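Enquirer: Take a look at the letters that make up each chain.
Protein chains: 2
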Amino acid sequence: MESQQEESAAAALDMIKVLEITSESHKGTKESPDDRSEVASEKQTTDWLTDLDEVEEILNYKFKSKKLLEEALTHASFSDQGFSYERLEYIGDSVLNLLFTKEQYFLYPDLPPGALTRLRSANVNTEKLARVAIKHKLHRYLRHKMPLLEEQIREFSQAILDYPLHSNGLVDAPKALADIVEAAIGAVFIDSNFSIDVVWKIFKDLLEPIISQETLKVHPVAELYVEGSQKRQQWRSHVRTKAAHAPLISF
Amino acid sequence: MESQQEESAAAALDMIKVLEITSESHKGTKESPDDRSEVASEKQTTDWLTDLDEVEEILNYKFKSKKLLEEALTHASFSDQGFSYERLEYIGDSVLNLLFTKEQYFLYPDLPPGALTRLRSANVNTEKLARVAIKHKLHRYLRHKMPLLEEQIREFSQAILDYPLHSNGLVDAPKALADIVEAAIGAVFIDSNFSIDVVWKIFKDLLEPIISQETLKVHPVAELYVEGSQKRQQWRSHVRTKAAHAPLISF
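These protein sequences, in sequence, are chains H and X. Take 104 as the starting number for the first sequence in this note's numbering and just add one per residue. Take 104 as the starting number for the second sequence in this note's numbering and just add one per residue.
Simulated from the structure, these hints should not be mistaken for laboratory data. Heads up, some of the hints might be wrong.
Pairs count within a copy or across copies, as identical chains cannot be separated in the list.
Pairs of lysine-lysine residues, derived as BS3-like cross-links and limited to a Cα-Cα distance of at most 30 Å, are as follows [what the hints assert, rightly or not]:
1) K278 x K248
2) K165 x K320
3) K248 x K304
4) K146 x K231
5) K205 x K165
6) K205 x K169
7) K167 x K248
8) K320 x K146
9) K320 x K248
Owing to the predicted nature of the structure, the values given are computational and were not obtained by experimental measurement.
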């Protein structure tokens, strides 16, 4: 395994490359809806097909049904398509959970379920997966009409430079970035006739650096973060519940 | 699909059969630790091996590694074995989640992720899986030293007679019953060289009646229950958190 410093330097270098790219206009949304003359539409379609080929190259996987990949990269805001990545993300999340469960089960034969859950959570969460999207430039291929997303992606790409492995909740990760990684996993799962082996073969390297029991220990905040985010959610829900039933509450 | 009345009658009949059996001494724990002369131990081992064969018949699956099945049926309280079903349950839970995700994804091509999650939760929860254990008499093969469990199982078997499909949280389901179903799923998954297809083939019928979008609609409480149980958990955690930090709180 690389040392912390080397990892840190490599991650910084990666990010500089990425920022150079995100400073270009976004590929999937570079044409505003107003520009859509018929010619523009035609050009956009050609671009989009090229985009899909590029994503196949990133994934090193050729889709039997290109429609699945198209769906995996389309946000609900890009509404004229009548489909979005939401259902594929749902299926991809389950596949990813099982894959980490399986890998870590054998990697750590003595860990009890509680520790295994924490380890899995460290790898299957919004920030971790959003980093994967940025690292492999998948964000450039997301079709959407969310006015603020590009700025959020730029901020996120900048902010994670300070945290080589995981910020443990200290930076805001755009959920859409994690979503397209999970949706791509769902798409490959379906396209490969439900082969968890094919999915793992494709995504194992893409998901690097995978957070291990050792790196999780190096970052003790991780554990607190997982617990903390549950508590924060509970607290928010509690406040909402109380707010709905009482006119004024002070704690 | 059977009518509600037929289902109800069939369930009642099933339960009567089950209760006749649970009123016998429990197979896995019928000998108390004090009885363990060498002869008794030997007899117990023979019984246990017969038990494992019987469970294989119930599952209609022959294990390559019988050790996995043994582990799936051993509670941590049965401590002299140095292993328990906990880790297999953890892996089985992930497998079951993916299997329902996959099935329902194709069964309901128009359902959004929120509705799919509710449908999956209705099938993968403690009460539903504890019912599966009782229906197929798997509870008779659980090795444990939990003094109260036999009584809890009897009460649960009795209580669910009033609710043919699901009580939606109105009866207390012994978690250990759901655990051995998930652990058995984990055991088959590993034993079959990680084939989700083999697991589904083995468990699809055992998991019947599978709660569909239609039967979930018939039981509108189900949805409330899923939300309610999350809220209850949040509330409990909140109360614990507050209790740890303040000497006296009143809501």
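Enquirer: Is it within, between, both, or neither for K278 and K248, if the alpha carbons may be no more than 30 Å apart?
Expert: within (15 Å within a copy, 46 Å between copies)
Enquirer: Classify it for me, K167 with K248: is the Cα-Cα distance of at most 30 Å met within a copy, between copies, both or neither?
Expert: within (28 Å within a copy, 53 Å between copies)
Enquirer: Since the copies are identical, ignore which copy is meant and state whether K320 and K146 lie within 30 Å (CA to CA) inside a copy, between copies, both or neither.
Expert: neither (50 Å within a copy, 47 Å between copies)
Enquirer: If the cut is 30 Å between Cα atoms, do K205 and K165 qualify within a copy, between copies, both or neither?
Expert: both (25 Å within a copy, 22 Å between copies)
Enquirer: Pop the pair K205 and K169 into one bin, within, between, both or neither, using alpha-carbon distances up to 30 Å.
Expert: For K205 and K169, the Cα distance is within 30 Å both inside one copy (29 Å) and across copies (20 Å).
Enquirer: For K320 and K248, with the copy left unspecified, which applies at a CA distance of at most 30 Å: within, between, both, or neither?
Expert: Intra 40 Å, inter 35 Å, cutoff 30 Å: neither.
Enquirer: Treating 30 Å as the Cα threshold, decide for K146 and K231: within, between, both or neither.
Expert: For K146 and K231, neither the intra-copy (34 Å) nor the inter-copy (53 Å) Cα distance is at most 30 Å.
Enquirer: Within, between, both or neither: how does the pair K165, K320 come out at a Cα-Cα threshold of 30 Å?
Expert: neither (38 Å within a copy, 40 Å between copies)
Enquirer: With identical chains treated as interchangeable, where does the CA-CA distance between K248 and K304 reach 30 Å or less: within a copy, between copies, both, or neither?
Expert: neither (32 Å within a copy, 43 Å between copies)
This entry does not satisfy hints 2, 3, 4, 8, 9, going by the numbered hints stated previously.
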